[in-house]
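Chemist: Chain by chain, the residues run as shown.
Protein chains: 2
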Amino acid sequence: MNPQLDEAIRQRGKAFFASIRGESPSIFNKGFWTGKVMDWAMQNEAFKVQLFRFVDVLPYLTTGDNLSRHIEEYFAGGEAGDIPAVLKWGAEKSGLFGGVAAKLMGKAIRSNIEGMARQFIVGETTREAVKNLGKIRKDGFAFTVDLLGEATVSEGESDAYRDGYLEVLAAIEAEQAHWKPFGAGTDDLDWGSAPRVNASIKPSALYSQARPMDFEGSVEGILARMRPVYRKIMAMGGALCIDMEQLKYKAITIELFKRLRADPEFRDYPHLSIVLQAYLRETEHDLRELISWGRAEGLPFGLRLVKGAYWDSETVVAKQMGWPTPTWTRKPESDMAHEKLARLILENSDLVYFQCASHNIRTIANVMETAAELGVPDNRFEFQALYGMAEPVRKGLLKVAGRVRLYCPYGELLPGMAYLVRRLLENTANESFLRQSFAEGAAEDLLLENPAATLARELAAHPPRPKAEPATLDGLTAFRDEPLADFTIAELRTAFPAAIAALHHKAGQTLPLVIGGQALETADRLPTVNPADPTEILAQVCQAGMAEVNQALAAAEAAFADWRDKTPRQRADVLLKAAAIARRDIVALAATQVLEVGKQWDQAYNDVGEAIDFLEYYAREAVRLGTPRRMGREPGEKNHLFYEPKGVCAVIAPWNFPLAIACGMTAAAIVTGNTVVFKPSGLAALVGYGLVTIFQEAGLPAGVFNFCPGRGSVIGDYLIEHPAVSTIAFTGSMEVGLRIQEKAAKVHPGQRYCKRVIAEMGGKNALIIDDDADLDEAIIGVVYSAFGFQGQKCSACSRVIVVDAMYERFVARLTEACASLAIGPAEDPTNAMGPVVDAAGQAKVREYAALARQEGDVLLERQIEGPGFYAPLVVVAGIRPEHRLAQEEVFGPILSVMRAASFDEAIAWANSTPFALTGGVYSRSPKHLDKARREFRVGNLYLNRNCVGAMVGRQPFGGSKMSGVGSKSGGPDYLLQFMEPRVVTENTIRRGFTPIDADDEWVE
Amino acid sequence: MNPQLDEAIRQRGKAFFASIRGESPSIFNKGFWTGKVMDWAMQNEAFKVQLFRFVDVLPYLTTGDNLSRHIEEYFAGGEAGDIPAVLKWGAEKSGLFGGVAAKLMGKAIRSNIEGMARQFIVGETTREAVKNLGKIRKDGFAFTVDLLGEATVSEGESDAYRDGYLEVLAAIEAEQAHWKPFGAGTDDLDWGSAPRVNASIKPSALYSQARPMDFEGSVEGILARMRPVYRKIMAMGGALCIDMEQLKYKAITIELFKRLRADPEFRDYPHLSIVLQAYLRETEHDLRELISWGRAEGLPFGLRLVKGAYWDSETVVAKQMGWPTPTWTRKPESDMAHEKLARLILENSDLVYFQCASHNIRTIANVMETAAELGVPDNRFEFQALYGMAEPVRKGLLKVAGRVRLYCPYGELLPGMAYLVRRLLENTANESFLRQSFAEGAAEDLLLENPAATLARELAAHPPRPKAEPATLDGLTAFRDEPLADFTIAELRTAFPAAIAALHHKAGQTLPLVIGGQALETADRLPTVNPADPTEILAQVCQAGMAEVNQALAAAEAAFADWRDKTPRQRADVLLKAAAIARRDIVALAATQVLEVGKQWDQAYNDVGEAIDFLEYYAREAVRLGTPRRMGREPGEKNHLFYEPKGVCAVIAPWNFPLAIACGMTAAAIVTGNTVVFKPSGLAALVGYGLVTIFQEAGLPAGVFNFCPGRGSVIGDYLIEHPAVSTIAFTGSMEVGLRIQEKAAKVHPGQRYCKRVIAEMGGKNALIIDDDADLDEAIIGVVYSAFGFQGQKCSACSRVIVVDAMYERFVARLTEACASLAIGPAEDPTNAMGPVVDAAGQAKVREYAALARQEGDVLLERQIEGPGFYAPLVVVAGIRPEHRLAQEEVFGPILSVMRAASFDEAIAWANSTPFALTGGVYSRSPKHLDKARREFRVGNLYLNRNCVGAMVGRQPFGGSKMSGVGSKSGGPDYLLQFMEPRVVTENTIRRGFTPIDADDEWVE
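Which chain is which? The protein sequence lines are E and F, in order. If you count the first sequence from 1, position 851 lands on 851 in the working numbering, and the numbers rise without skipping. Counting the second sequence from 1 gives a position; the working numbering is that position plus 1004.
Quick caveat, the hints were computed from the structure, so don't treat them as lab data. Note that CB positions come from ideal geometry on N, CA and C, so glycine has one too. Keep in mind that a hint or two might mislead.
[To be verified] Heads up, incomplete: computed chain F residues facing chain E, CB under 10 Å, no partners named: (1) Asn1006; (2) Ala1050; (3) Glu1118; (4) Tyr1314; (5) Trp1315; (6) Thr1319; (7) Val1320; (8) Met1635; (9) Phe1940; (10) Leu1947; (11) Ile1993.
[As the list claims (entries may be wrong)] Partial selection, computed: residues in chain E whose CB lies under 10 Å from chain F: (12) Phe52; (13) Ala507; (14) Met631; (15) Arg933; (16) Met951; (17) Thr985; (18) Gly992.
Start from the sequences and build out the full structure, keeping to the hints where you can.
Modeler: As structure tokens, this is what we get:
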């Protein structure tokens, strides 16, 4: 930046500060409760966490008891066991807390917090909002109105959201005439350029099914409800700004903005804006692309540039998903980006009407001075601030620039609280300009410093830690999960249809057995078909008989000694190669699942990702466990504990996670030095065959992995009872699992080992909805857990247990949400649900659907016709613990809804089945969450999230009771099951002479 | 010390040094191979280890091939893969290595090392020895002759050792007349006081069965062979010095010295000496006690004071056994002790004839000056040095003091090598006076410094590390094994007979069931008897029927929830209390085993020790595993892996480790939060009842541990198949174990968990004797492993596989050793072996004894008559892998001897049974040891030691194949078997707000 400009900016900033000297945002005013509490929160991170969480849950606390209980749970955890004094502050004065009972105090706290929320909201009703908008205009500020909304989880809710806009617009329309335009008003425009009516709208709320994977569906789904709103605005001569939300909606939002702007109906009406977020690394690219598009189309547009309000969640989500951090990670970087982007916009002010939304005086001053330097006319840019925040800044802005628009949310307090949390975060973040300026009184020079200089200072003081991964054992980097599917990437969205088309093309191939590295065709064949169109035979699969099982076992036995005698690292390297191959071929491998078992794109992709995770994780685990551990430190004695393989492992795989689970069991067996006879599910033999090609290319020696599909009725028991088998790794139904266990327990002549059976079996998993659950999240979590991949997961939610007080609200929204799901072939990413895997599954689900009608009250049953194996989606209420629908695994899209009198009863019911696999709780009560942690006894318990999709290494997976025997897959104990421990003890004393080693425990 | 004396000592020392200026012990002479090699060894610790180990094995390398192979294995391990140049040094000059083949080089190295050994030995034959003793006297030195000997492992060998002394004395007798006494000889005494003939003798070699536990038997056993030797010496007018060996023989040696000295036959003959070691902390006490005794008895005696030659092994052994370090740990402390003890002796010079044995000039000077100060007459003390060592010192001594005696070992090179290793260690130790003086040329001032000052300097430079144990989880100290039985402690030796007597007194008591904390008597009773005298009924044991099993299971189920909900630390604390109780009652608990199952004192004591170990170890393990582990470090997500109990565990215990194994299985189950129904073996119900009293006193809640003895035929299957049982922990025979496994695999109605069976079963364990095995150790190890507790251990050695070249030598010594064992009631510590546990065991052993006569050549069969269940001790040779005696577990004192053509064949045979529990190898070939490590596939492999007595935490115990299923007891994976893993995942993001924790992986 040229030094003159920088100096001008700083001078401008100083003048700005001078003009507001002595003023402070009301939220920091320590004379009031809010200011006191904010002050305490900024000093005390733990209190801040509790406070913001409490604000979040507050609207759900509809009874006094509930409120007192939560205040106690959130704030009385300390040693004193007492509520922090700051929360009670002012009680004596106000009389609210005098000799106060808990309930009274609760009411006071609620009232104070609701007061905080109201400060940021222009009104709770349309009437109040419109009245206040008028007042705002009287104060000289323009507005943009925004309707607060819960996340929309159903199409009904999206309709309501659209209707809410239409309602407020109608109300404003009636008032509009009374509002005089600001400045040299021509054409009823403020400042000669901006419509008096301005609305901002969140696109994702307009289509409950919007998601990156269904890009086209999402764009059109949103537009369908946005058009009437925009039409109305156009009719009123107003302006619309399409808000930018989380990154996952960015591409969709840009696309729908373009379509709406270029729509013949609206193309001649210029008052449409979009928002870009300076904190995203991609934004410069997006901006340039938008400008080019606008120029090419000849379409001027408005652009609000913000710093971005989702930094915390964007960075956290990216970390969780394994994606690169999408944002700048240091605050000055975002500030720098804003300055750079602002210049770019101002340079294109003929095309782009600039809306600078920031409370940062340096940022504002930069825009003013840059506009001045570039000679941008005043009516080509305006400033925006949030209603209720940064009052001194907006006041200063009004003085200096004149053109200030306030962003004015209105709506109910419930969604208002979510908005409040975001605003509190913004005000109290360590790096907040407002906090630094007004709460901490930082030096103006620093506040007005060029962010590039600030960054340089910060980097000097806290240099970034070196990026090199800490090496773990044997030079391997630490394990990381494969990134989850990211359908914001356009290339991935287009790769799927191409891969699926290629598979259709190949349909009908013959799959041989592969034994000892040799393909072997048998006469007995079984087709594997597309469940969405069973006439499409994907492959004819050769079936093994007993003779072939013998051959496979012999090949595995023959390969054993050499494989066993490789080092753990050598075996691990084969897995790592296999992982790299699967990573390269991930879309093709996922597409196979889409066609063969009807799995949705994202879940198919993540299944392959999980297979890669197993390869990567077990490779490292094998090296870790393969390193002998010294036991004891006594001198003269060396004890080493280590593990070695047993021999031949039979891997019997399911069809529902057809690559991940097959690969996990197989990888565990082979990386520990065993050899494998692999029997894939007949319903997923084509996916299973993928392992053959992956391992072959990875250089696994012939005979270590033998592909041996066959009919369970013909070869199942034979394989299990065979004396050559030492370990059986099985995933499937409880019935088959228990049979395997029983058969394998008998020792047959010639058998070397007592067989180890590792069996992952069924589940009857419950999600509990507490009376303070965040319903926006709970509905989405339940729907995904219950109906993702048609409920055909051992982890799937098949019971939802709702605490009485929440029941009606939850069930109503849930039913609507389920009714909103698109059902159809998994090939089409629009569909959230597809056919079940085969006719037997279909028949079973239909039986349970009939049972649902007997045992309970069916709230929803969606029958899908078509050539595929479609099974009804059923939501059935009135289920009690003794019902079969509360006890038996269905393995399909049937969800039992149970109404529990209390959280304790919900836990008891949740535990009341023969299974103990997964489960979950949506609750914001710390005590209830703790109780669940202790007493909701399932293998994998999830708090405040869905109960499926366990990640290798992070959520080792598996249950107990009749859900499984064995240690959790993807966890630190899993590989032990495939090995025998050995200890070698050496006496190192010879003739009294004992070399003493560094790690010996020695005298003194 | 008074400064004048100290100054006089230093002046005396300086004069001493001056008198030998320029001289050096031959071993450090770098002009020769030995000096060169010593120099290299002192610079290179790894080479030193290999060199000394090679010297140790050298006499066993009787073929050129074997020799070359070992040279290669010991020395060619480095990167160069070549033999170190130093070993080849001088080859060109000597012509020995010119263009040399491996065999030739081997011969040269052997010849050089044998030369080293000869330097320290006065002769290999009696004739040579006597001749050289004469030469020594010609040089002005007196001598004491010592017969080198292998460890004696049988009474025949002890006889031979005694005879060796008689032979050399006879030979000396013939020469004695030609030797003129030194000094003013009167009565043919040297220096007017010392007999010309002087012999030193190692007492332990005179009785092959000597051991601290059998104190009286050891004293008398040794005296029986020492008396004729001393008688002969007295007849010759000579003197005898009883050498002091390892600490374990000290009390025995002092006692036998006193008895011999006070024996009416010898009481009037004063020329008997004993040795004390200054490095032992106890020595001052021993010395004062001996002086009091001498004064009380009016018996003057001789006393050789040495620093002590077993420092390395005493400290190492103490660490391994868990005993306090018996020695001073810093060299100057031993030097200080020598000075203090020397003054004490010299103060009593009227009673004690002082023999100062040291090569340390400071030590010598101290004795001279202290004697002068005290006015001790010259003929009341003499100096001693080792033949072949420290030549300058002995020369200087001769000049200064005149009275110098050389300690002269003679005998074959094979035992000579062991002696050589000790001498090399002494010469090359970092703190060796000789090394510092002559190899490193340390300053005389430092060498002559008062050791108290040296110590102060050392402590200042290297202060002792703080003694505080590093705290582990939850404030618990690190686990340590209970100290093993130490029968050098007189109180322990006397406690056993008292405890046993008390038990005899209580015989006939009734043992009730204990269910839910209540004693319950049933009508059906079974006696438990003393196997050494089956007419002695120790107790009448109430037997449970199915009704009582149901009661016990109900009590266990009722107690479960409360116990489960305790914290791991609370449960661990109960175990730690139980451990303290068992520790307090250890002798009484051990005595019960002596009587009820016929276990020898030491093994019974160590069995209780192991029970304590299990309590202490599992307590800590439970806390470790009870601490939830965070999985993954992604922000916004908390995944914790932890474990929880399942319910009721059936513990079915064996009689052979009646407390340890019962306690281990029980402790594991309860500390993890399960409750237990415990069925002890009917043969060890009294021992099993010990757990009831221990746990009751420790405060275990009622119902957590239920004592439920019963007939297997009545309640066995019922208990195993019961749906209330979730885990079965069993130790016993393969037949029963496999039956349990099969029965438990079937799921019965009402059953919550697939039952986990943890079964430790049988073994058919082999020890391999390689062609270079150290036989002294191998024989002792095999005998103890095969016949300790009558072979009734699953870990017992029941096959010894001997490599052909070693066969004859090994088998001859083994058979003699077995013939030397005393057999009789375990009450009497003389007996190394007792009766088997019952008539059935007796009958089974007899059957296998008969089979031995059919399948092999019985080398030894010892039939013991008596009222007890004595079974024959059998050593049978000619057993081949296909014989039943090579395949079937006998569980009694029958040892099969197998002759293998090679080490490889030995390994193959060792692996050829259905079992894989323990095994061992005696070998000094690094390659063979490595091969065994890899390919001798048993659960617990022991190199160069016996194969029994695995220590908790150090040697986690358990096998595979038909020896067991489950993880090793006493190891880090064991407790996992009693628990189910759970993972709780919490999504900590609320409204995008995510508290970031310190251990989160965060941006940048």
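Chemist: Under the criterion of a CB-CB separation shorter than 10 Å, is Ile1993 (chain F) in contact with chain E as hinted?
Modeler: With a minimum Cβ separation of about 6 Å from chain E (threshold 10 Å), the hint on Ile1993 (chain F) holds.
Chemist: Holds or violated: is the Cβ of Met631 (chain E) closer than 10 Å to a Cβ in chain F?
Modeler: 5 Å, holds
Chemist: Is the interface hint satisfied for Tyr1314 (chain F)? The criterion is a beta-carbon contact with chain E at less than 10 Å.
Modeler: 6 Å, holds
Chemist: Quick check on the hint: Trp1315 (chain F) CB to chain E CB, less than 10 Å?
Modeler: 9 Å, holds
Chemist: Hold the hint about Leu1947 (chain F) up to the distance rule: shortest CB distance to chain E must be less than 10 Å.
Modeler: 4 Å, holds
Chemist: Does the nearest C-beta of chain E fall within a distance shorter than 10 Å of the C-beta of Asn1006 (chain F)?
Modeler: Result: violated, 30 Å to nearest chain E Cβ.
Chemist: Holds or violated: the hint that Ala1050 (chain F) contacts chain E, with Cβ atoms closer than 10 Å.
Modeler: 8 Å, holds
Chemist: Against chain F, is Thr985 (chain E) within 10 Å by beta-carbon distance?
Modeler: This hint holds: Thr985 (chain E) lies near chain F, its Cβ roughly 5 Å from the closest one there, short of 10 Å.
Chemist: Identify whether the interface hint at Glu1118 (chain F) stands, where standing means a beta carbon of chain E within less than 10 Å of its own.
Modeler: Violated. Min distance 17 Å.
Chemist: So, as I understand it, the hint says Gly992 (chain E) touches chain F; can you test that by seeing if any CB pair is closer than 10 Å?
Modeler: Nearest chain F Cβ about 4 Å off; hint holds.
Chemist: Any CB of chain E closer than 10 Å to the CB of Met1635 (chain F)?
Modeler: Holds. Min distance 5 Å.
Chemist: Was the hint right that Arg933 (chain E) lines chain F, CB cutoff 10 Å?
Modeler: 5 Å, holds
Against the hints set out earlier in the document, violations occur for numbers 1, 3 and 13.
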